[in-house]
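There are 2 protein chains.
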Amino acid sequence: MPNFVLQSFVKPKNKEKKKGALRVIPLGGLCEIGKNMTLLEFGNDIIIVDCGMAFPEEDMPGIDAVIQDFSYVLQNKDRVRGIFITHGHEDHIGALPYLMRDLKCPIYGGRLAIELIRRKLTDKGSGTRGIQLEAVLPGDIVKVGTSFAVDFIHVNHSIADAFSLAIRTPVGVVIHTGDFKIDFTPIDGEPINLQRFAQYGHEGVLLLLGESTNIEIPGNSPSEKKVGESFQNIFQNTQGRIIVATFSSHVSRMQQIFTAAEKFNRKVALVGRSMLNVFDAANSLGYLEMRPDTLIDINDIDRYRPEQLVILTTGSQAEPMSALTRMAFSSHKIVEIQQGDTVILSAHPIPGNEKPIYRVINELFRRGAKVIYEDLADVHVSGHAFRGEHQLIHQLVKPKFFIPIHGEYRMLFKHAQLAKDLGMSWNNIFILNNGDIFECSKEQARISGYVNAAPVLIDGSGVGDLDNRVLRDRRLLADDGVVAVSLVADKKGSRLLAPPSVQAMGFLYESESAQVIKECSEKLTAYVAKCSQSNKSLSSIVESGQMRDYLKSLLFEKTKRRPMILISVTQL
Amino acid sequence: MPNFVLQSFVKPKNKEKKKGALRVIPLGGLCEIGKNMTLLEFGNDIIIVDCGMAFPEEDMPGIDAVIQDFSYVLQNKDRVRGIFITHGHEDHIGALPYLMRDLKCPIYGGRLAIELIRRKLTDKGSGTRGIQLEAVLPGDIVKVGTSFAVDFIHVNHSIADAFSLAIRTPVGVVIHTGDFKIDFTPIDGEPINLQRFAQYGHEGVLLLLGESTNIEIPGNSPSEKKVGESFQNIFQNTQGRIIVATFSSHVSRMQQIFTAAEKFNRKVALVGRSMLNVFDAANSLGYLEMRPDTLIDINDIDRYRPEQLVILTTGSQAEPMSALTRMAFSSHKIVEIQQGDTVILSAHPIPGNEKPIYRVINELFRRGAKVIYEDLADVHVSGHAFRGEHQLIHQLVKPKFFIPIHGEYRMLFKHAQLAKDLGMSWNNIFILNNGDIFECSKEQARISGYVNAAPVLIDGSGVGDLDNRVLRDRRLLADDGVVAVSLVADKKGSRLLAPPSVQAMGFLYESESAQVIKECSEKLTAYVAKCSQSNKSLSSIVESGQMRDYLKSLLFEKTKRRPMILISVTQL
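The listed protein sequences correspond, in order, to chains D and G.
The opening position of the first sequence corresponds to residue 0 in numbering that gives the first Met the number 0, with each subsequent residue numbered one higher.
The opening position of the second sequence corresponds to residue 0 in numbering that gives the first Met the number 0, with each subsequent residue numbered one higher.
In isolation and in its complexed conformation, chain D is listed as follows (with noise of 0.2 Å):
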C-alpha cells in the first residue's frame, strides 16, 4: 500500500517542521447545503477532503445536479496527492464520477464509503482505472506528500463508518469534523471517539473545520437507540403490514428494523434502487446482523399474511420517482397500499421537500393506511451534532483558529457565535465564502484570495454547460409559454411571400390560441406592409428587435401575458 502507513497516536517530529503556510479552499459547503469539498494546500502538496454534490434549487428547471467547479483543482492536479472521505453520503461523495473523469489519484475513506464509490464509479462510466481505493479503520493514519499525514478519527453520523480526519500539517494540526453527532448508544459499534479529540486539543489544535448543520437546535440530539425502541413500540402493537421508508444509506436505521421486524416475527422486503444498492454494499461488508431468511424478495409478498411482512423503501423525501411515491399514487408495480397498512415515515423532511411529502402523506391516509411521522412519534433522530454537542467538540479541541463549514450563511454565523461565546476571540474566527483562500501559519491567518468556486449544473449529457441565461429563459418560458413567428419574404425582405406563421405552446387554452394567433398573423401581416412603406427592411425590424416588441405589446394587451417570442425569417 504506496503512501499509506498505519500508526498509532504520536507527537510531530521535527524534521516534518517546514516554513511556509497553509491554505484551506472551500469549494463547496459554505453559504449552502450540499456539495461539500475542501482543498488543503501546503507547499507542493494539496489534500482534498470529500467531494460531494447538490440537489438542484426549485429556480432550476431541468437540472439534474450542482457540482463544484473543478478548474482550480485540475489546474493543479500533479499535485493533488489525494482525496480524503469522511463519509459515504451523497453530498460528501456524488461529485466523483465528475472529477474523476479528470483526475487520477487515490480515494481513502471508511469501507462502506469506499464501497460505494467503487460501485458510483463503476455505474457512472467514468470508471476506477487508475483510481486507487482505500479503505481505512478508525485510527488509521494516512501521510501523502511530505506536508500531510490524516487521522480518521471515529465519529457517530447516519451512516456508517464516518469520520473526523486529524490532518496534521507542518503548520499544526487542523481538524475537520466532516458530518458528526455525539451518541453514547449508537447502534453501530462504539460511540464517538472523544478521547481522541481531546488529544488533539491537548497537543494543540491550529484550526477547527466543524459542520454546522444543526446549530439551531439547542441542546443534545438523541440517540439512535431512542428510534429502535419507537420502532419496536410501533411494531408490537400493529396488525397489518409495515412500511418504513427511510434515507438509504442509513445502515443503522436499516437494521434496527431487521431487530424489530425479527422480534415481532416479520420477513423484511426491500424496494427502491438505491436502497438495494447500499443494502447489497453494507451487506457485503458484514455489517448488518439477522437470520438468513428474515429478508424476502418484494416479488415475494404475496406469499405471507399482512402481519409477516415490513417493506423497507426509498421515498422518505417525496421525490416523485421513489417506490413510496409510487406506491401512495398507485403506480407502483408491486406494492400497492391497502386499507390496514401502516406506513412509517422516520426521516426529517430537508427544507423545501415539506410539501410534496405532505402530498404523499394525504394519499396514503386516503388509501387507508396509518401514516406515523416525525411530528408524532420518535421515529427519527438527526444524524448531527446540536449546540451542545458543538459546543463539547469546541472545548475539548479549544483551537486557535475556527472555520464553521456545512451550512447556509445563518448556521456558519451562529456557529461562529458559538465559537466567540466559548472565548475565542473573533480575530481568529472566519467565515468564508466557497472559492475563497484561508492562509494560515502558526500564529496568523487571513484570506489571501479566491480561486473560481461558482457552481456547476448538470443537466443530461452535459457538465457546465448551462449558464444564467438559459435558466432565465426556462422560468420565463415556464411562467407564459412561447410563441413561434416564420417569415417568408423576398429577397430584399421587404415583402412577405405567404402570411406569418404563428404557433404557441404553454401559452392559452387551445380554444382561445386559435383566435388570438389569427389576429396576431393578420396584425404582423399589416405591421410587416406599414414598414416596407417605410423603407424599412425586414430583417432590420427583426434583428432590431422591434417587431418582438411589437409583438410582445400586441400579445399582452389581448391576454396580460408575456410569452417568450422566437422570430424565423428566410429570405428567397
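Calculated from the structure, these hints are not laboratory results.
Keep in mind that the hints are not guaranteed to be accurate.
Identical copies look the same in the list; a pair holds intra-copy or inter-copy alike.
Stated by the list, open to error - Below 30 Å or equal to it, Euclidean Cα-Cα: the simulated DSS-like pairs (lysine-lysine) are:
| hint | residue 1 | residue 2 |
| --- | --- | --- |
| 1 | Lys224 | Lys262 |
| 2 | Lys369 | Lys266 |
| 3 | Lys559 | Lys332 |
| 4 | Lys535 | Lys397 |
| 5 | Lys76 | Lys119 |
| 6 | Lys119 | Lys557 |
| 7 | Lys123 | Lys551 |
| 8 | Lys397 | Lys441 |
| 9 | Lys266 | Lys332 |
| 10 | Lys224 | Lys266 |
| 11 | Lys413 | Lys225 |
| 12 | Lys413 | Lys399 |
| 13 | Lys559 | Lys522 |
| 14 | Lys399 | Lys369 |
| 15 | Lys491 | Lys517 |
| 16 | Lys354 | Lys332 |
| 17 | Lys551 | Lys332 |
| 18 | Lys535 | Lys490 |
| 19 | Lys419 | Lys354 |
| 20 | Lys354 | Lys369 |
| 21 | Lys369 | Lys413 |
| 22 | Lys557 | Lys123 |
| 23 | Lys535 | Lys119 |
| 24 | Lys397 | Lys369 |
| 25 | Lys123 | Lys559 |
| 26 | Lys142 | Lys441 |
| 27 | Lys103 | Lys557 |
| 28 | Lys224 | Lys142 |
Please read these numbers as outputs of a predicted model, since none were measured by experiment.
Mind docking chain G on chain D? Use the hints.
Just chain G now, kept in the frame of chain D:
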C-alpha cells in the same frame, strides 16, 4: 336594512319548521389549504359562507391565483340570498372580485372584513354596484330568505372581527366555525364567546363544520398576549432599528408593535402596500390605539436615530416582491438593512415557503442584521385552535353530524378521528371532497351527488382559461427549453426552398447551441430529401409527428435533453 334583523338568542318558532333536506356543498377548502367556500341550500334558498382564493402550487408556473368553479352558483344565482363572511383573510374573501362580476347579492361580515371587501371590489374593477355590503356586530342575527337565520358568534383569530356562524335552518342548527382559536387574554377585546357555543349545544346542533388547520398539534394554542411580552423584552434590549415583518392583516399584532414602540419611545413607519391598506381599514374603524405622533411616514425615517425607529413591513413569507425581500437584497428604494438592525420575523412559514424565507434570513445576517425568528423566540403564535381547543368546541356543541373542513386530507381525517374519539359514531362523520353534496334531515345524512368543483386557475386577464395541457407544456418548456423549426417548401411539399431555420431557447448554452442547431438544420435537409425520394410529402411527415420524433431522438442523442419542438411549414 332589508333582510336584516337583529335579535337576541331565540329558540326556533314552530312555523319555521318545514319539510325538506338541507344541502351543504363545499366548493373549496376541503382536501386543500385555501379557497374556502361552502354553500348551504334549503328549498329555494342558497347562502354562501366565505369566498376565498388559494395560492398556486409550485407545479403551476405563471399562475397568479386559484379560485373555485362558480358554475353551480351562477346557474342558481337567483336563489342566492347572501354571502356570509367569517373574517377578512384572503383565503376567505379573495375570490369575491371574481364571483361578484356575475353575481349581485348582499355580503354580510364583520366591520373589518366588510371594509376590506369594499376596497377589494373597488380595486379589482368589478366594483360594488348592486352589491349590498352589510357590517354586523357580534351577536347580530341575519335572516335571509325563508330558510336561514345566521348568528355571528365572536371568536378569536389572527385578524379582528372573526366569527363562527350558527345557521338556523328548518331542520336544525348548523355551526360553521370559520377560523378560530380560544384566547382567554386576546389583544382586541373579548375572548371567544364560548357560552354561545354551549347554548346552541344545549339546544341541539344538527351539524358542525369545523376548521382543521392545526388539528395535528396537541394541547392548546398560546395567547396572542405572549407575543406582546416577547416584543417588549426584545424592544427593551435592542439599541438599533427594529424591523418587524408580519402578516399585514394581523391587526392585533400591529397593535402590540405600536404598544411596545410607544413604551420604549420609538416611532413606527409602515412599509408594503397591503400593510398600509389593512392599517388604513383598521384605523378608520378605530381598531388601533396609539398616540397621534407615533406613526411616521417611511420617507421621514432618516430624521430619527436608529434607536427611535420601528419599521413594520410585509414580507414575512419572503414573497419575491415584498418589502422585506427587497430590503434583504438591497433593492428597496427607501429602507436599506444596516449593521445593528434587528429584524423580527413575526410569522410562521407557510409550508412550501421555508426555503425562500431562509434565503432572506441568510441575506439579512450577511448584511449585519440580527434576525429573530420563531425557531428562537416567542415572536409568533398561531391564530388557529390546537387539538385541545377543538375537543372543547366539540364537547360544547355536541353535534349530531360532523364535517371537518379547511385542511388537507390527513388533517380532515385526524379531525374526524378526534370527533370519533370523543364518542361520535363514524356513520355521523363525513369527510368530503370539494363539490360533494352533503344532504341531511333531522335524522339522517348522506352524500347525494356532486357539483363541479375543479380548481380554476387565474393567469393574467383570463379566468379559468388554462387547462392541464397548457400547464404541462409549461413544465416541459421549463425542463429543457424549446426548439422551433421553420420549413419553406414548394407547393407540392416535396422540396425545400431554403435550408430549415432552427431556433432554440432555454435549451443549451449559447456557444454549444450554434453547433447543434447547424447540425440539426443539415440533418433535417437530408431527412426531407430522403422522405421525398420515398414519395412522402412534407406535410404528411410533419402532421404525422414523424419529423418531430426524428428531431427529438436526434437532439436527445446529441444532448441527453428533450426540448419541446415546434415545426412550421410554409408552402409557396
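For each hint, the structure was consulted:
{"no.": "1", "hint": "Lys224 - Lys262", "in the structure": "within (16 Å within a copy, 50 Å between copies)"}
{"no.": "2", "hint": "Lys369 - Lys266", "in the structure": "within (20 Å within a copy, 53 Å between copies)"}
{"no.": "3", "hint": "Lys559 - Lys332", "in the structure": "between (44 Å within a copy, 27 Å between copies)"}
{"no.": "4", "hint": "Lys535 - Lys397", "in the structure": "neither (75 Å within a copy, 79 Å between copies)"}
{"no.": "5", "hint": "Lys76 - Lys119", "in the structure": "within (22 Å within a copy, 64 Å between copies)"}
{"no.": "6", "hint": "Lys119 - Lys557", "in the structure": "between (53 Å within a copy, 24 Å between copies)"}
{"no.": "7", "hint": "Lys123 - Lys551", "in the structure": "between (44 Å within a copy, 24 Å between copies)"}
{"no.": "8", "hint": "Lys397 - Lys441", "in the structure": "within (15 Å within a copy, 75 Å between copies)"}
{"no.": "9", "hint": "Lys266 - Lys332", "in the structure": "within (20 Å within a copy, 64 Å between copies)"}
{"no.": "10", "hint": "Lys224 - Lys266", "in the structure": "within (21 Å within a copy, 53 Å between copies)"}
{"no.": "11", "hint": "Lys413 - Lys225", "in the structure": "both (28 Å within a copy, 26 Å between copies)"}
{"no.": "12", "hint": "Lys413 - Lys399", "in the structure": "within (18 Å within a copy, 54 Å between copies)"}
{"no.": "13", "hint": "Lys559 - Lys522", "in the structure": "within (18 Å within a copy, 39 Å between copies)"}
{"no.": "14", "hint": "Lys399 - Lys369", "in the structure": "between (52 Å within a copy, 26 Å between copies)"}
{"no.": "15", "hint": "Lys491 - Lys517", "in the structure": "both (26 Å within a copy, 24 Å between copies)"}
{"no.": "16", "hint": "Lys354 - Lys332", "in the structure": "within (25 Å within a copy, 34 Å between copies)"}
{"no.": "17", "hint": "Lys551 - Lys332", "in the structure": "between (47 Å within a copy, 28 Å between copies)"}
{"no.": "18", "hint": "Lys535 - Lys490", "in the structure": "both (14 Å within a copy, 29 Å between copies)"}
{"no.": "19", "hint": "Lys419 - Lys354", "in the structure": "between (37 Å within a copy, 28 Å between copies)"}
{"no.": "20", "hint": "Lys354 - Lys369", "in the structure": "both (19 Å within a copy, 29 Å between copies)"}
{"no.": "21", "hint": "Lys369 - Lys413", "in the structure": "between (39 Å within a copy, 11 Å between copies)"}
{"no.": "22", "hint": "Lys557 - Lys123", "in the structure": "between (49 Å within a copy, 18 Å between copies)"}
{"no.": "23", "hint": "Lys535 - Lys119", "in the structure": "neither (59 Å within a copy, 47 Å between copies)"}
{"no.": "24", "hint": "Lys397 - Lys369", "in the structure": "between (48 Å within a copy, 27 Å between copies)"}
{"no.": "25", "hint": "Lys123 - Lys559", "in the structure": "between (46 Å within a copy, 15 Å between copies)"}
{"no.": "26", "hint": "Lys142 - Lys441", "in the structure": "within (21 Å within a copy, 84 Å between copies)"}
{"no.": "27", "hint": "Lys103 - Lys557", "in the structure": "between (59 Å within a copy, 27 Å between copies)"}
{"no.": "28", "hint": "Lys224 - Lys142", "in the structure": "neither (36 Å within a copy, 62 Å between copies)"}
Comparing the model with each numbered hint stated earlier shows that hints 4, 23, 28 do not hold.
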